[in-house]
Amino acid sequence: MNNGFRQFLHTLDGGRIGIAALALGLAEGALEECVTYTSTRKQFGRPVASFQGVHFALADMATEVEAAKQLVYHAAWLKQQGHPFKKEAAMAKLYASELCMRATTKAVQLHGGYGYTTEYPVERMMRDAKICEIGEGTSEIQRIVIARQLLGSLID
Amino acid sequence: MHDSLYFSDHHLQVREMVRDFAKTVVKPTAHQYDLESRFPWDHVKQMAELGLFGIPWPEGLGGSGMDYLSYITVIHELAKVDASHAITVSAHTTLGTSPIMDFGSAEQKRRFVPLLATGTVLGGFGLTEPGAGSDAGGTKTTAVDRGDHYVLNGSKIFITHAGVGEIFCITARTDPNAKRTHGITAFVVTKDTCDLEETSALASDTPIRQTSRNAAACCRERKRTSSGGEPPTRASSFSRTRSSRKRMSSDP
Numbered sequence: 001m002n003n004g005f006r007q008f009l010h011t012l013d014g015g016r017i018g019i020a021a022l023a024l025g026l027a028e029g030a031l032e033e034c035v036t037y038t039s040t041r042k043q044f045g046r047p048v049a050s051f052q053g054v055h056f057a058l059a060d061m062a063t064e065v066e067a068a069k070q071l072v073y074h075a076a077w078l079k080q081q082g083h084p085f086k087k088e089a090a091m092a093k094l095y096a097s098e099l100c101m102r103a104t105t106k107a108v109q110l111h112g113g114y115g116y117t118t119e120y121p122v123e124r125m126m127r128d129a130k131i132c133e134i135g136e137g138t139s140e141i142q143r144i145v146i147a148r149q150l151l152g153s154l155i156d
Numbered sequence: 001m002h003d004s005l006y007f008s009d010h011h012l013q014v015r016e017m018v019r020d021f022a023k024t025v026v027k028p029t030a031h032q033y034d035l036e037s038r039f040p041w042d043h044v045k046q047m048a049e050l051g052l053f054g055i056p057w058p059e060g061l062g063g064s065g066m067d068y069l070s071y072i073t074v075i076h077e078l079a080k081v082d083a084s085h086a087i088t089v090s091a092h093t094t095l096g097t098s099p100i101m102d103f104g105s106a107e108q109k110r111r112f113v114p115l116l117a118t119g120t121v122l123g124g125f126g127l128t129e130p131g132a133g134s135d136a137g138g139t140k141t142t143a144v145d146r147g148d149h150y151v152l153n154g155s156k157i158f159i160t161h162a163g164v165g166e167i168f169c170i171t172a173r174t175d176p177n178a179k180r181t182h183g184i185t186a187f188v189v190t191k192d193t194c195d196l197e198e199t200s201a202l203a204s205d206t207p208i209r210q211t212s213r214n215a216a217a218c219c220r221e222r223k224r225t226s227s228g229g230e231p232p233t234r235a236s237s238f239s240r241t242r243s244s245r246k247r248m249s250s251d252p
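Line by line, the protein sequences give chains C and E.
Residues in the first sequence are numbered consecutively from 1, following the working numbering.
Residues in the second sequence are numbered consecutively from 1, following the working numbering.
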């Protein structure tokens, strides 16, 4: 009785890794769609993936997806091993959810006008991405959780 | 990331199984479900058969007896093709079932977890209220002890699975004199004992297509006091999705 607040904070710590994994999946899915699309879509007589501007976008997405993967699976591993994981879960959720918003927005851009239609899945991915920055603790709340772990009793 | 860093052969088998399901079943149809804002019950049934609704829970409670990394892998793989399917597994497992596993009495686990872990019913979590989002300490929903039952009164909002789920973990204020974050208790609330309430689905273009804008809880179930001084099980319900918004009935 009367312990519900502490209990749901615990539940949300675990939930954050789940949302982080979801956001990671969205970002990686968007990257895969972009690799396929840009290597087949032709403009100016060649696949748009042959342009350096597209290289840069894909390289950034892939790098960030890799970083998110490390954060997500490391947080999950910490939880599984019984180690403290509050800070790492918040970091994974914060980074992966903000990444999936960036990555899916870029994915729509790389698809051009088609990306804005329901003909390709990237517009749905972009809509879905936004909730990752809000649900089960907003990005702002994640930053507060991380900062509290850093500062501890120094600011109490 | 090299697979060997975190994954065993078993994890890789789970990943292949889910990738195959995601690619052959979810990906070709996700677009249509989204357009129609329809909940994929047929896929939920298939995911239940694959054991995806009780991945980290013991087989004795109907779960798949796998580890947490397996669970995270499943969410990751589903989200690559459709975030809605991924959130169904995530909200059901982490939010709907884990509070009962982590904090429930033995009787609550025996009674609720097998239904959830086998995917017989879907679960959810009722924390957020119209006036209590990031500020969850501002919870206004009350739970009043009426001797052999509790009465929950209040309004919950943005509750994933409110329209489709049957077992929810709901927070309510049990000590009106306690300061903000104190005096809140979690209740298990079930649909079948619903007094009356209503939910209205959010607009069709939301990713979590069964998140409801307003899901109010009202509870009138007998306490199921268990032995050994464990807190009693309390239950109540959410209604199915309805088109109009109604306020909760008052304390009966």
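Because the hints were derived from the structure by calculation, they are not lab data.
Be aware that one or more of the hints could be misleading.
[To be verified] Just some of the chain E residues that point at chain C, by a computed CB distance under 8 Å:
1) M1
2) H2
3) H31
4) D34
5) M66
6) L69
7) A79
8) V81
9) A83
10) L95
11) S98
12) M101
13) D102
14) F103
15) T142
16) T171
[What the hints assert, rightly or not] Just the calculated beta-carbon pair ranges, DEER-fashion:
17) E:P130 to C:T63: 38 to 46 Å
18) E:N177 to C:Q81: 25 to 33 Å
19) E:T29 to C:M1: 31 to 39 Å
20) E:M1 to C:R102: 30 to 38 Å
21) E:E107 to C:G112: 31 to 39 Å
A quick note: this is a predicted structure, and the numbers were derived from the prediction, not measured.
Where a beta carbon is used, it is the ideal one built from N, C-alpha and C, also for glycine.
(message) Of the numbered hints stated earlier in the document, which are not met by this structure?
(response) 2, 5, 12, 15, 18, 19, 20, 21
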